[in-house]
Structures are given as C-alpha cells and as structure tokens.
Amino acid sequence: QILALTQNHKNVEKRCALACANANMIGVELCNAVKKYCNNFNMSLAFVTPENAALGFTSSTFSFNLPSIENPKENENEQLAQKFVDLLTKHSEFKPCVSFGQDNGLVYATVPATSTQGAIKAEDKAKQAVGGVQLTRLSFP
5 QILALTQNHK NVEKRCALAC ANANMIGVEL CNAVKKYCNN FNMSLAFVTP
55 ENAALGFTSS TFSFNLPSIE NPKENENEQL AQKFVDLLTK HSEFKPCVSF
105 GQDNGLVYAT VPATSTQGAI KAEDKAKQAV GGVQLTRLSF P
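End of the sequence shown sits at 145 in my numbering; the numbers just go up one at a time, nothing left out.
Note that these hints are calculated values from the structure, not bench results. Fair warning: there could be bad hints in the mix.
Stated by the list, open to error - With a cut-off of at most 25 Å between alpha-carbon atoms, the simulated SDA-like pairs for lysine to any residue come out as follows:
(1) Lys77 <-> Gly135
(2) Lys99 <-> Asn69
(3) Lys99 <-> Ala133
(4) Lys99 <-> Leu110
(5) Lys14 <-> Val52
(6) Lys129 <-> Ala25
(7) Lys94 <-> Pro116
(8) Lys14 <-> Val32
(9) Lys40 <-> Lys14
Quick caveat: nothing in here was measured; it's all calculated off a predicted structure.
Based on the sequences and whatever the hints tell you, model everything.
This is the structure:
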C-alpha cells in the first residue's frame, strides 16, 4: 500500500495546483456573470487567498451564496441554491455530492445545509444562509 501511495503521489502537487488555478478562473467568471445578470451584485467567494496559494495551499474548492431574489415567492430563496446545483448537475461534467480531490474530471456541487454527509444543526444552517439563500460549494478536478 505504501508503494502504491508513493508511486501515485508524484503528480499530486501538480494536479492540486492545476485544480486550484481552474477553480480560481471559474470563480472569477461566476462572480462576473452574477454581477452582469444580477443588478451589479458583487458576490464573494470563500476561497484560498492568492498569498496562501503561493505558499502551496492550493484548494480546488470554494463556497458562495447566490444573491437573493427580490420579492420572492414562498421558499424561493430557500430553494435557490439547491435549484442551482440541480441545474449544474444536469450536465455530465458535474456530480451532486460532497467530494474533494477526486481525479475523475468531475466538478462536485453541493449545498452543505442539505447534504446527507452529516447532520447540520439548524442554527449552523441559518449562519450559512445569506438573504435566505443557502451556501453552495463547488469542488474542481
């Protein structure tokens, strides 16, 4: 097992750096699209800082809250993040679950508050929601 791990480890740093660069590029484009189509809304990403990436901490995962819908119908903002993930995962390049670092070319999309990976307390779900919209997380290959 140790031999298999060491033989497969040789490309991990390169793969992680590339995944971080991909996530950064896509995150910038996502923020630009939200700004363009959502009344100039500046959406922020919870993502590794450029300074930390330069030190070798190369995460390929970021989280964000989509802007809330003005004058929403009942539960519309509460359902927005999940609807976004459902829309993304209609494409074969996306998978609707929590997973990090998989070397299979898929982007993983999830809403942590509704994830089956573990129980999240109601008060923690409330902290993750902004304007009634739950947090969305994307993880890139």
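(message) Could you work out which of the previously given hints the structure breaks and list their numbers from low to high?
(response) Hints 6, 8 and 9 not satisfied by this model.
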